[in-house]
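**Student:** So the chains spell out like this:
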Amino acid sequence: MNEDVDVAIVGAGAAGLAAAVRAKETGAERVVVIDRNSELGGILPQCIHTGFGLHYFQENLTGPEYVTRFIEKAKELGVQVKTDTMVLNVQPDRSLLTANSREGLVRMKPRALVLAMGCRERARGAIGIPGSRPAGIFTAGTAQRLMDVEGYMPGSKIVILGSGDVGMIMARRFSLEGAKVEAVVEMLPYPGGLPRNVVQCLEDFGIPLLLRHTVTSILGRDRVSGVVIAGLDENGTPMPGTQRALDCDTLILSVGLIPENELSEGAGLQMDQATGGPVVDERMQTSADGIFACGNVVHVHDLVDHVTETGIKAGEGAALFAMGRLPPLTSRIPVVPSSGIRYVVPQVVSGDNAVTLFLRVKSPVRNARLSVGNFTVPVRVARPAETVAVKLTEGRIRALAKGKEIPVSLEVTS
Amino acid sequence: MIIGAGIVGSTVARELSKYDLRTVVVEREVDVAFGSPTKANTGIIHAGYDDKPGTLRAQHCVRGNALWHDIVMEVNAPFRATGSLVVAFDDEDLRTLRDLKSRGGQNHVPGLEIVEDRRRLSEFEPNLSTGAVAALRAPTAAVTIPYELAIAMMESAMQNGVEMSLRTEVTGVDARNGEVQGVKTSNGEIDTRYVVNAAGLWADEISAMAGAGHFRIHPRKGEYFVLDRKVGEVVRHVVFPTPTPVSKGIVVAPTVEDNVLIGPNAQNIEDKEDTTTTAAGLAEVLEGAVRLVPCLSDMKRATITNFSGLRPEPDTGDFIIESTEDPKGFVNAAGMRSPALTSAPSIALRVVEMLGALGLELKRKSAFDPRRKPIRKPLHEPSTDRAQEFMRTNPAYGHVVCRCEHVTEGEVLEAIRRGASTMDGIKFRTRAGMGRCQGGFCTPHVLRILASELGVEVEEITKRGRDSKLLRCKTKGLLARGDHNE
Numbered sequence: 001m002n003e004d005v006d007v008a009i010v011g012a013g014a015a016g017l018a019a020a021v022r023a024k025e026t027g028a029e030r031v032v033v034i035d036r037n038s039e040l041g042g043i044l045p046q047c048i049h050t051g052f053g054l055h056y057f058q059e060n061l062t063g064p065e066y067v068t069r070f071i072e073k074a075k076e077l078g079v080q081v082k083t084d085t086m087v088l089n090v091q092p093d094r095s096l097l098t099a100n101s102r103e104g105l106v107r108m109k110p111r112a113l114v115l116a117m118g119c120r121e122r123a124r125g126a127i128g129i130p131g132s133r134p135a136g137i138f139t140a141g142t143a144q145r146l147m148d149v150e151g152y153m154p155g156s157k158i159v160i161l162g163s164g165d166v167g168m169i170m171a172r173r174f175s176l177e178g179a180k181v182e183a184v185v186e187m188l189p190y191p192g193g194l195p196r197n198v199v200q201c202l203e204d205f206g207i208p209l210l211l212r213h214t215v216t217s218i219l220g221r222d223r224v225s226g227v228v229i230a231g232l233d234e235n236g237t238p239m240p241g242t243q244r245a246l247d248c249d250t251l252i253l254s255v256g257l258i259p260e261n262e263l264s265e266g267a268g269l270q271m272d273q274a275t276g277g278p279v280v281d282e283r284m285q286t287s288a289d290g291i292f293a294c295g296n297v298v299h300v301h302d303l304v305d306h307v308t309e310t311g312i313k314a315g316e317g318a319a320l321f322a323m324g325r326l327p328p329l330t331s332r333i334p335v336v337p338s339s340g341i342r343y344v345v346p347q348v349v350s351g352d353n354a355v356t357l358f359l360r361v362k363s364p365v366r367n368a369r370l371s372v373g374n375f376t377v378p379v380r381v382a383r384p385a386e387t388v389a390v391k392l393t394e395g396r397i398r399a400l401a402k403g404k405e406i407p408v409s410l411e412v413t414s
Numbered sequence: 415m416i417i418g419a420g421i422v423g424s425t426v427a428r429e430l431s432k433y434d435l436r437t438v439v440v441e442r443e444v445d446v447a448f449g450s451p452t453k454a455n456t457g458i459i460h461a462g463y464d465d466k467p468g469t470l471r472a473q474h475c476v477r478g479n480a481l482w483h484d485i486v487m488e489v490n491a492p493f494r495a496t497g498s499l500v501v502a503f504d505d506e507d508l509r510t511l512r513d514l515k516s517r518g519g520q521n522h523v524p525g526l527e528i529v530e531d532r533r534r535l536s537e538f539e540p541n542l543s544t545g546a547v548a549a550l551r552a553p554t555a556a557v558t559i560p561y562e563l564a565i566a567m568m569e570s571a572m573q574n575g576v577e578m579s580l581r582t583e584v585t586g587v588d589a590r591n592g593e594v595q596g597v598k599t600s601n602g603e604i605d606t607r608y609v610v611n612a613a614g615l616w617a618d619e620i621s622a623m624a625g626a627g628h629f630r631i632h633p634r635k636g637e638y639f640v641l642d643r644k645v646g647e648v649v650r651h652v653v654f655p656t657p658t659p660v661s662k663g664i665v666v667a668p669t670v671e672d673n674v675l676i677g678p679n680a681q682n683i684e685d686k687e688d689t690t691t692t693a694a695g696l697a698e699v700l701e702g703a704v705r706l707v708p709c710l711s712d713m714k715r716a717t718i719t720n721f722s723g724l725r726p727e728p729d730t731g732d733f734i735i736e737s738t739e740d741p742k743g744f745v746n747a748a749g750m751r752s753p754a755l756t757s758a759p760s761i762a763l764r765v766v767e768m769l770g771a772l773g774l775e776l777k778r779k780s781a782f783d784p785r786r787k788p789i790r791k792p793l794h795e796p797s798t799d800r801a802q803e804f805m806r807t808n809p810a811y812g813h814v815v816c817r818c819e820h821v822t823e824g825e826v827l828e829a830i831r832r833g834a835s836t837m838d839g840i841k842f843r844t845r846a847g848m849g850r851c852q853g854g855f856c857t858p859h860v861l862r863i864l865a866s867e868l869g870v871e872v873e874e875i876t877k878r879g880r881d882s883k884l885l886r887c888k889t890k891g892l893l894a895r896g897d898h899n900e
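Sequence lines, in order, name chains A and B. Under my numbering, think of the first position of the first sequence as 1, with each following residue one higher. Under my numbering, think of the first position of the second sequence as 415, with each following residue one higher.
There may be inaccurate statements among the hints.
[As the list claims (entries may be wrong)] The list that follows gives simulated cross-link-like pairs (lysine-lysine, PhoX-like), each with its CA atoms no further than 25 angstroms apart:
(1) B:K714 with A:K362
(2) B:K466 with A:K180
(3) A:K109 with A:K82
(4) A:K180 with B:K888
(5) B:K644 with B:K714
(6) B:K714 with B:K662
(7) B:K787 with B:K432
(8) B:K515 with B:K466
(9) B:K515 with B:K662
(10) B:K686 with B:K662
(11) B:K890 with A:K180
(12) B:K466 with B:K662
(13) B:K791 with A:K82
(14) B:K432 with B:K742
(15) B:K598 with B:K742
[Unchecked claim] Here are some chain A residues the structure puts well away from chain B; computed CB gaps all over 10 angstroms:
(16) E103
(17) M147
(18) P328
(19) R332
(20) S339
(21) T356
[What the hints assert, rightly or not] Using C-beta positions, here's what the derived DEER-type ranges look like:
(22) A:K362 with B:Q681: 57 to 65 angstroms
(23) B:G646 with A:V336: 25 to 33 angstroms
(24) B:R436 with A:V149: 46 to 54 angstroms
(25) B:D672 with A:K109: 27 to 35 angstroms
Hints were generated in silico from the structure; no laboratory data involved. No residue lacks a Cβ here, since even glycine has one placed at the ideal position from N, Cα and C.
Working from the sequences, and respecting the hints, build out all of it.
**Tutor:** What follows is the structure, given as structure tokens:
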């Protein structure tokens, strides 16, 4: 049952495929990508809209186009793929147990392991919408899969809760299919996704975006017949007198993504409560030797291009580790989110290598100053929906890593 | 003939399957256990100290508890012997506990004790509120999964020859010359001299059809939360507050599957199909639970789902288990609110006795097989060798379709073979879709498997029968039809 594997990668989405390609290019011999789906590519095959690859390829690609480039490259380099295969658990010593219908249960102990399971959508229960429990309630990603992979329409009269990118993209997608999108309802006073999606997916299609609103009840016994929406006050509490019913046959939930880390937790990795992902260093190595993590399993990214970059790092680190050529870090300095900052990734740096910090602000700001230790940069606009990237040269990070920790904070200047 | 495939109907059906009879169960829903009382309750097998000595509830609850301990082994149903604690916060509560204990004594509940030692209390329940001064401990209390139990009982009954007619609504009871002659249904008339009314919320209406409309059933709603098993072991026992005259209160219970179940509140309503939850109701439930187990206040984020169930509350104040005078041949098993789940096997024995007294010939079947095999769950097998063996004999057991609950295609196929025809039918038998992602990942897979096994189009698949189709049409279907709103 034991197979001789250099690098095993859990998840064949954007992160996992980039890691696999890079691991091969770095010199790892046997690289295996494991995925529970029948097809490679993770979520990308169902993302038939454009907007992928603007940074990485300087081209505007669809999801399937973007990921096909990596699938082809992986095949060309001789990466092994195991589809329809579920990883049941991961041990701290990197061994993992997989199941599929061809081989049954297989235990594998790769020399290095890359976790790239991605994220899942927050469901209705997690946000606790009261009301009835009829058919016709879908998360945005499930609706997208049903439409763009399976080929079925979940409904014809739609309300979307949550203005994250997937929600807005689905609003456009439903409209293009002849369904009527009654409204996109957002609890926060600002849209959850990228500004370009507000314009291209909602405004261009005349779909109302109701900010500071929420769905307070779901109606319908067998199938959704409508939802009740209400305006929210400053504290996010529904205001009396603002409730009204919207007729619809489908409620789409786009209320957040959660890094899928059951395997990481099972392996006992140190986790970051703010990201929901494992703590990683600048080489994307987790708290366990030889276990790397990349992409949305670490934190939810807003651009696939960034996911790819983390995959490349993890793949390179894993290959070097497998070959016994990954030099140990000289120190482990925590990067600590402070005022105005929700989280920073990587959470640990050594000062040995140049690093790009990805961080998310707590609330929208204009004209602010971002401090990383004693190094400051001006920030004109920052929104929680968009990660801020801070590139630190080798010299700069080496200087910053001399202290006990590196605080990161945001201060409004005007 | 038995009307209703809830926990009471299924348990009576299995009891009757021990005899040489032709037994038919009619159920208006598309599957077993789809009615609200069986589908959505707390799943507690009560010890039996709550009810007043001498009532049918007290009598059947204590005997039912003892019977279940054996039956669940025979039918391989989920069961976890947790015991229960009723928690007192002050002297008045403590007096109530003493009353309950003495009541329990009269009801012959074994092993009851009042724990006043604070240290022992925190050993039993480390997360219990520090305000708790004492608890009544009942070691025989347990938890089950009520819909799985009903499904197991009906499968066992059917394995022993009972017939079931789903999507069959009773429209009338044919009673002439003071005797039952047959039952009219949406699928034609069924000739029968013996009818058992286990119609749950509608038992009053069915009884009235037979001319025995002397009681009413009112729906009483209870709302619940289910928490992710990630929160770990919050409680070991079923933890009750000290009861009030109207309710046993909001409990915090571990489930057989290591989730935490919180609820129910109690609200009298009119509509027998109104299983909506409300923000106010759910807040009440959380508040009640936090009073018992304060750390739950931080766990709201771990909620997987909320739901509500309806209890069939009779206006008589007790179970209605009777053989009607007029017509003869009609047996009511009605008013089946708590502790009906616990009492079901005892009620089934009593119902069969009544049928015997009416002249039904009860000849034991030598071929009765009490054992029912559960659906194999290879990824929940403690032994990897056995799991490997399952997968070798049937490769579908290696293909995971539900990532959260680790359910394989093999289990889904087996559930369909055993009668599941809807998404909820699959969910109740296999737990696919019951985990933290609530079907986000498995829905497309299960839809495809159901359609292909049932030989229908994917668009025809429903959540739970009636008008609960998941999908509208194929993509481009709305455009082709031109019925969009632009």
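**Student:** Against this structure, judge whether each hint is valid.
**Tutor:** Taking the hints in turn, this is what the structure says about them:
| no. | hint | verdict |
| --- | --- | --- |
| 1 | B:K714 with A:K362 | 21 angstroms, holds |
| 2 | B:K466 with A:K180 | 58 angstroms, violated |
| 3 | A:K109 with A:K82 | 15 angstroms, holds |
| 4 | A:K180 with B:K888 | 16 angstroms, holds |
| 5 | B:K644 with B:K714 | 12 angstroms, holds |
| 6 | B:K714 with B:K662 | 23 angstroms, holds |
| 7 | B:K787 with B:K432 | 17 angstroms, holds |
| 8 | B:K515 with B:K466 | 12 angstroms, holds |
| 9 | B:K515 with B:K662 | 15 angstroms, holds |
| 10 | B:K686 with B:K662 | 22 angstroms, holds |
| 11 | B:K890 with A:K180 | 14 angstroms, holds |
| 12 | B:K466 with B:K662 | 13 angstroms, holds |
| 13 | B:K791 with A:K82 | 23 angstroms, holds |
| 14 | B:K432 with B:K742 | 23 angstroms, holds |
| 15 | B:K598 with B:K742 | 17 angstroms, holds |
| 16 | E103 | 7 angstroms, violated |
| 17 | M147 | 6 angstroms, violated |
| 18 | P328 | 33 angstroms, holds |
| 19 | R332 | 28 angstroms, holds |
| 20 | S339 | 24 angstroms, holds |
| 21 | T356 | 30 angstroms, holds |
| 22 | A:K362 with B:Q681: 57 to 65 angstroms | 39 angstroms, violated |
| 23 | B:G646 with A:V336: 25 to 33 angstroms | 28 angstroms, holds |
| 24 | B:R436 with A:V149: 46 to 54 angstroms | 48 angstroms, holds |
| 25 | B:D672 with A:K109: 27 to 35 angstroms | 28 angstroms, holds |
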